[in-house]
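These are the residues of each chain, in order.
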Amino acid sequence: MRALTTSFWLPRGGNDAAEYEDAFQPRKDGRHSARRLRFAVADGASESMLSGRWADLLTRTWCKAQRGQTAEILADGMRQWDGELAAYLAARQTHNRPIQWFEEPGLARGAFATLLGVQFTTRRTSSGAWTATSLGDTCLFQVREDELVTSFPLKSSADFGSSPNLVPSRGEDPEVVAAHAEERDGEWRSGDLFVLATDALSAWFLSEVEAERRPWEQLLGFTSRGQAAFAEWANGLRTQGKLRNDDVTVVRIEVL
Amino acid sequence: MPYTAEISRANPTCFLFLIDQSESMREAIGGGDVPMAKADAVADAVNRLLSELTIKCAKEDGVRDYFHVGVIGYGAKVAPAFGGALAGHDLVPLSQVAAQPARLEERVRTTRTADGVVTQQPVKFPTWFQPVAYGDTPMCAALTKTHDVVGKWLAEHPGSFPPIVLNITDGESTDGDPSEPAEALRELMSADGNALLFNLHVSSDQSDPIVFPNADRALPDDYARLLFRMSSILPPSMRTAAMQQDLTLGDQARGFVFNADISAIVQFLDVGTQVLGLR
Chain A
1 MRALTTSFWL
11 PRGGNDAAEY
21 EDAFQPRKDG
31 RHSARRLRFA
41 VADGASESML
51 SGRWADLLTR
61 TWCKAQRGQT
71 AEILADGMRQ
81 WDGELAAYLA
91 ARQTHNRPIQ
101 WFEEPGLARG
111 AFATLLGVQF
121 TTRRTSSGAW
131 TATSLGDTCL
141 FQVREDELVT
151 SFPLKSSADF
161 GSSPNLVPSR
171 GEDPEVVAAH
181 AEERDGEWRS
191 GDLFVLATDA
201 LSAWFLSEVE
211 AERRPWEQLL
221 GFTSRGQAAF
231 AEWANGLRTQ
241 GKLRNDDVTV
251 VRIEVL
Chain B
257 MPYTAEISRA
267 NPTCFLFLID
277 QSESMREAIG
287 GGDVPMAKAD
297 AVADAVNRLL
307 SELTIKCAKE
317 DGVRDYFHVG
327 VIGYGAKVAP
337 AFGGALAGHD
347 LVPLSQVAAQ
357 PARLEERVRT
367 TRTADGVVTQ
377 QPVKFPTWFQ
387 PVAYGDTPMC
397 AALTKTHDVV
407 GKWLAEHPGS
417 FPPIVLNITD
427 GESTDGDPSE
437 PAEALRELMS
447 ADGNALLFNL
457 HVSSDQSDPI
467 VFPNADRALP
477 DDYARLLFRM
487 SSILPPSMRT
497 AAMQQDLTLG
507 DQARGFVFNA
517 DISAIVQFLD
527 VGTQVLGLR
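The listed protein sequences derive, respectively, from chains A and B. According to this note's numbering, the residues represented by the first sequence are 1 to 256, in order. According to this note's numbering, the residues represented by the second sequence are 257 to 535, in order.
Simulated from the structure, these hints should not be mistaken for laboratory data. Check each hint, because a few of them may be wrong.
To be verified - Straight-line alpha carbon distances no greater than 20 angstroms define the calculated EDC-like cross-link-like pairs of lysine to aspartate or glutamate that follow:
| hint | chain 1 | residue 1 | chain 2 | residue 2 |
| --- | --- | --- | --- | --- |
| 1 | B | LYS408 | B | GLU439 |
| 2 | B | LYS401 | B | ASP464 |
| 3 | B | LYS380 | A | GLU104 |
| 4 | A | LYS28 | A | GLU183 |
| 5 | A | LYS242 | B | ASP448 |
| 6 | B | LYS315 | A | ASP82 |
| 7 | A | LYS155 | A | GLU172 |
| 8 | B | LYS401 | B | GLU362 |
| 9 | B | LYS380 | B | GLU362 |
| 10 | A | LYS155 | A | GLU210 |
| 11 | B | LYS315 | A | GLU84 |
| 12 | A | LYS242 | A | GLU232 |
| 13 | B | LYS315 | A | ASP56 |
| 14 | A | LYS242 | A | GLU217 |
| 15 | B | LYS333 | B | GLU412 |
| 16 | B | LYS401 | B | GLU436 |
| 17 | B | LYS315 | A | ASP16 |
| 18 | B | LYS315 | A | GLU19 |
| 19 | B | LYS315 | A | GLU104 |
| 20 | B | LYS333 | B | GLU428 |
Pulled out of the complex, with its shape left as it was, chain A reads as follows (with noise of 0.2 angstroms):
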């Protein structure tokens, strides 16, 4: 598969980029072409500790994962997340910052993150399969010839809340947290465009299919350059009450 991707990213507004808790994989944008490819958006849960480290965590683990099921995969994660965790306490202590009252309930609970994950299989030069795995709101659409073709795992806007499912970075069994992902097929070709979303955007995306228009026109808009204009536009909507204020995550599969 050969493809183009681009991604766009934005903390919710009064929040400075370190507090931007969403991930996604790979980093680098540009063309990429190989046999598989995957690929992965993660929303760090807002009401838990080091959420975004975690998503962060967890996108890299799925991309670097070369087969595996879920449960393999979040097991793994969770795996690292122990050193992690042990890494970030330490520096607390080197730093002279030690963990406070109100930190220990949600250092305990663990980081709590969504996880869309995608791979795609090539079979001929111009098409092939794509699997997606998905734990709570983060979306994948799939447009063909100006239309959306799939919307997963949510397909309405009214369908977003503000309780996801979230994978935990520790204190449950993997195959629990695994049983409850949702896994979607399908097929991609040559001309296709795959957007992956987190919660806001999603929601604005599916509103605007739902009053007929075509958000991914828009997306198409932003040059690889485009963060700024990205930025002023996604500003834009969330001034216009159109876009909820969140972080905002896109990273837009263009299948060449």
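With chain A's structure known, arrange chain B on it following the hints.
For chain B alone, kept in the frame of chain A given last:
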């Protein structure tokens, strides 16, 4: 749609606790296995609520000031009830509350898993308040003072999620019928809706606990019915959040709790993605 304003550092809301510190709070609370003075139950409820609110807003860079918090005590006097460095303040950012509990106790939390395994873990329990039970119950004066504090907040934060006031009392007002000042308080509003007044009734009555009732039929006495009528109907956004936490509430459910834990109300407030069990 009302009660949908974002609660954030840029657009915080306020959460005011009113605590009945009158003489009658020395009496024991009804129900429960262990006898407990109502004053102890009140102090416990406020400490627990402040702790839950703080944990909800805690991130690795500190506690985010989504809420400005105040505590007004009413008994021998009506006055801000924070002690220590926060003494005398009507409202303080939550991060300051978090940084300055009066005491940090070690308690043991006992949990039982679904397969019956019991585990005990040490947890830190911060306390800001000690039980007080002295003097009359000037609830009308307390509601009037609250009206001033909330009114001032709204003048400075006209677009905030409406202020939330939680009155914790045995309901036995000694300075008149509190219905009118309660109504005046509920009539204050931001661009996002009317101020919310909730009541936690700490009673000596032995009746079963009641949580967010729809009507006053099952309530045991006139004090409970009065506090029920004074309580705001839970806005749809909070009711939806309650239902996501498996609480079934009627569409007229009020922010009223009789002899039970009200700390769940903190989880009805939306400050971003919440962590609930897998479904």
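Hints, one by one, checked against the model:
1. B:LYS408 with B:GLU439: holds, 17 angstroms
2. B:LYS401 with B:ASP464: violated, 32 angstroms
3. B:LYS380 with A:GLU104: Within the cut-off at roughly 8 angstroms; holds.
4. A:LYS28 with A:GLU183: With Cα atoms ~26 angstroms apart, A:LYS28 and A:GLU183 exceed 20 angstroms; violated.
5. A:LYS242 with B:ASP448: With a Cα-Cα distance of about 17 angstroms, the restraint between A:LYS242 and B:ASP448 holds, given a limit of 20 angstroms.
6. B:LYS315 with A:ASP82: Distance of about 19 angstroms is within 20 angstroms: holds.
7. A:LYS155 with A:GLU172: violated, 28 angstroms
8. B:LYS401 with B:GLU362: Violated, at about 35 angstroms.
9. B:LYS380 with B:GLU362: It holds: about 5 angstroms lies between the C-alpha atoms, which stays within 20 angstroms.
10. A:LYS155 with A:GLU210: holds, 10 angstroms
11. B:LYS315 with A:GLU84: Holds: B:LYS315 and A:GLU84 sit about 16 angstroms apart, inside 20 angstroms.
12. A:LYS242 with A:GLU232: Roughly 14 angstroms between the alpha carbons, so the hint for A:LYS242 and A:GLU232 holds.
13. B:LYS315 with A:ASP56: Holds: B:LYS315 and A:ASP56 sit about 17 angstroms apart, inside 20 angstroms.
14. A:LYS242 with A:GLU217: holds, 17 angstroms
15. B:LYS333 with B:GLU412: Since the Cα atoms of B:LYS333 and B:GLU412 sit roughly 27 angstroms apart, the hinted pair is violated (cutoff 20 angstroms).
16. B:LYS401 with B:GLU436: Holds, at roughly 13 angstroms.
17. B:LYS315 with A:ASP16: Since the Cα atoms of B:LYS315 and A:ASP16 sit roughly 14 angstroms apart, the hinted pair holds (cutoff 20 angstroms).
18. B:LYS315 with A:GLU19: Within the cut-off at roughly 10 angstroms; holds.
19. B:LYS315 with A:GLU104: holds, 11 angstroms
20. B:LYS333 with B:GLU428: Judged against 20 angstroms, a Cα distance of about 16 angstroms means the pair holds.
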